[in-house]
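Since chain A is already given, all that's left is putting chain B on it; use the hints.
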Amino acid sequence: MTSMNGMNGMTSMNGMNGMNGMNGMNSMNNMPGDLVTLRDQIQRRDTTACAAIDHVLEQIASSNPSINAYHEVFAEEARAAATHIDALIAAGKPTGPLAGVPIAVKDNIATRLGRTTCSSRILENYRSPFDATVVDRLTRAGAIVIGKTNLDEFAMGSSCEKCAWGAVRNPWDTTRVPGGSSGGSAAAVAANLCAAALGSDTGGSIRQPASLCGIVGFKPSYGRVSRYGLVAFGSSLDQIGPITHSVRDAALLYQCMAGDDPLDSTSAPQLVEDVTSTLEETPRSFRVGLPKQYRSGNDAAVDAAVARAVDFFRAMGATIVDVDLPLTDVGISTYYVIAPAEASSNLARFDGIRYGHRTTSKTASDLFELYAQSRAEGFGPEVQRRIMLGTYVLSAGYYDAYYRRALQIRRLIKQEFDKAFESCDVILGPTSPTAAFKIGGMTDPLAMYMCDVYTVNTNIAGICGISLPAGFDTTTGRPLPVGIQLQAQAFAEPILLKIARAYERAQGGREYPTPSTD
Amino acid sequence: MSAEPTPLTIEEVRHVAKLARLAIAPERLPAMQAELMAILGHIAQLQSIKTDGLEPMAHPLTLVNRLRDDVEQTGMSTAEILRNAPATEGEFIAVPKVLGGESS
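For the protein sequence lines, the chains are A and B, in the order given.
Numbering (my numbering) for the first sequence: 1 to 518.
Numbering (my numbering) for the second sequence: 1 to 104.
Isolated chain A (complex conformation) (with noise of 0.2 Å):
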């Protein structure tokens, strides 16, 4: 079946030339923003890598300065990629999925080329010695790291303020943030700055970024992409992922990302279903779960786009069903005990010794202070808090009262889930609860921490979920990009993903925030 059984009665949609025409074009210049139309152009050779990179290159000189989406570009590597892969296609022989695409990296995950900081002082200068698997995997397909981008300190933020190499600021609006901790990702990807770009989802890292700068955000399943060479904040959570121009791009990328890896021991053995292939058929019928717990303290433009969307699935023949999700507002609760706990014992590795700052300072005479001055010296505010947060939630007469009761809740929630989803095939609901907010203008770390009410309760559960581009808030000045968010069952990655594609394909091409001029 094809997608058009499924878009009865929608024929007035612009959506069937989707992001394959000129909607996928970005209107400030000839180079497509998406990686599909892209890697399609440079396989045709209506481009060249070469040319592509370039392009990127010049793109990434004008917007870097005021943006800070990235922490360091690899101009002469790429270029290098880049000639081989054109000499490639020259000569008819095979290349990759991804031949020639340039992409970002997150700099919480590990590539040989450049260093690895994770946006903090505390990895400064540090250099792996080794590639993530997904890096590999990337590569191995032809796409080519242009990259490193800028983070909340070890992914430990909303709004990319706390990055040791300044704040990112958002594309749309550069008085406002690009939502974190994959901000500099997800900038880039706003920017035309990249094909696409990797991010880490821990606790909705991929998702609200992705939202706040109008394009898509996808965290898989847990345990469905290694997390080797992802510098580990919450083993039990974390989850890499591709944060692209379209729904298209996302599910290439993590076909070529997705799968089991004997190096990392916690990937999934189950087999990666093939979902690039089956992306364009909408499911005749499913059925979309609306929590009535999604629905208040939004920003009016969110709630908007949610309904919106409810619109959408119905006119296209979905089933729209009510669930109860009651245990929604204490996932932000159940995240700081379990992420924090998670990340002290993590971050108890970089103590100066091995790789990693070392204090210089003369009162660290011993191995203690050597210890404490490094850390101290070397992580920024919001780490140390959540290593003391996490340290006291595990120590001794405090274990059972927070951690193992924040795991009990954690089965919980995930039973919540199993239940909701036994009546429809997907969650709709926001991604974030409002629109970009101006950087300097949340500094209550509580606060901030619920930025993430929609999002860390698919990790809690190990769950997948997307968020797409759902319009624009226009009551702030320039308007900002708002996102909805669609949550499916573990490993119900490719119902999941048509679902998302039949969404995007009735929106048309992605939009494009103009260049700052500042």
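In case anyone wonders, no lab produced these hints; they're calculated from the structure.
A few of these clues could be false.
[Unchecked claim] Below, in silico cross-link-like pairs of lysine to any residue (SDA-like), each with a Cα-Cα straight-line distance of 20 Å or less: (1) B/Lys50 / A/Glu416; (2) B/Lys97 / A/Thr360; (3) B/Lys50 / A/Arg404; (4) B/Lys50 / A/Arg411; (5) B/Lys18 / A/Ala376.
[Unchecked claim] The calculated label-pair distances, taken between Cβ atoms and stated as ranges, are: (6) A/Thr175 / B/Ala87: 42 to 52 Å; (7) B/Val71 / A/Ser296: 49 to 59 Å; (8) A/Lys93 / B/Asn65: 38 to 48 Å; (9) A/Arg354 / B/Asn65: 23 to 33 Å; (10) B/Met76 / A/Ala304: 45 to 55 Å.
[Claimed, not checked] Footprint (simulated), chain A over chain B, 3 or more residues, beta carbon under 8 Å: (11) 14-22; (12) 52-63; (13) 81-95.
Because the structure is a prediction, the values reported are computed rather than measured.
Cβ coordinates follow ideal geometry from the N, Cα and C atoms, glycine included.
Relative to the frame of chain A, chain B by itself:
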């Protein structure tokens, strides 16, 4: 188990900082205390949820003891490993005197 978190004293904050190997300056301790109290105050909502008899869920997957075959593989060279070390002596990582030094 009370619904309210036990107030965190400065002494406890100092103790947790020691456990966490973080040299938090004495003048920073009251701010850290206040921030942790605010977060713990919010987290206290977990105490009102009934969890009797529930098995804790430490991980989304139920994988156990996944081991690879025990075959010899080429590892990283000493030079690659030492490249990131803050202080080295020959083929070793240099550290301050250990014996008689740990004050914790």
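Okay, the hints, checked on the actual structure:
1. B/Lys50 / A/Glu416: 14 Å, holds
2. B/Lys97 / A/Thr360: 15 Å, holds
3. B/Lys50 / A/Arg404: Measuring from Cα to Cα gives roughly 13 Å; hence the hint holds.
4. B/Lys50 / A/Arg411: Holds, at about 12 Å.
5. B/Lys18 / A/Ala376: 11 Å, holds
6. A/Thr175 / B/Ala87: 42 to 52 Å: With Cβ atoms ~43 Å apart, the hint holds.
7. B/Val71 / A/Ser296: 49 to 59 Å: Given range 49 to 59 Å: holds, Cβ gap about 56 Å.
8. A/Lys93 / B/Asn65: 38 to 48 Å: The hint (38 to 48 Å, Cβ to Cβ) holds, given that A/Lys93 and B/Asn65 are roughly 43 Å apart.
9. A/Arg354 / B/Asn65: 23 to 33 Å: 27 Å, holds
10. B/Met76 / A/Ala304: 45 to 55 Å: Given about 53 Å between the Cβ atoms, the range holds.
11. 14-22: Result for this restraint: holds, n = 7.
12. 52-63: Contact hint for the stretch 52-63 of chain B vs chain A: holds, 9 residues under 8 Å.
13. 81-95: Three-residue rule met by the stretch 81-95 of chain B, so holds; n is 8.
Of the numbered hints stated above, none is contradicted by the structure.
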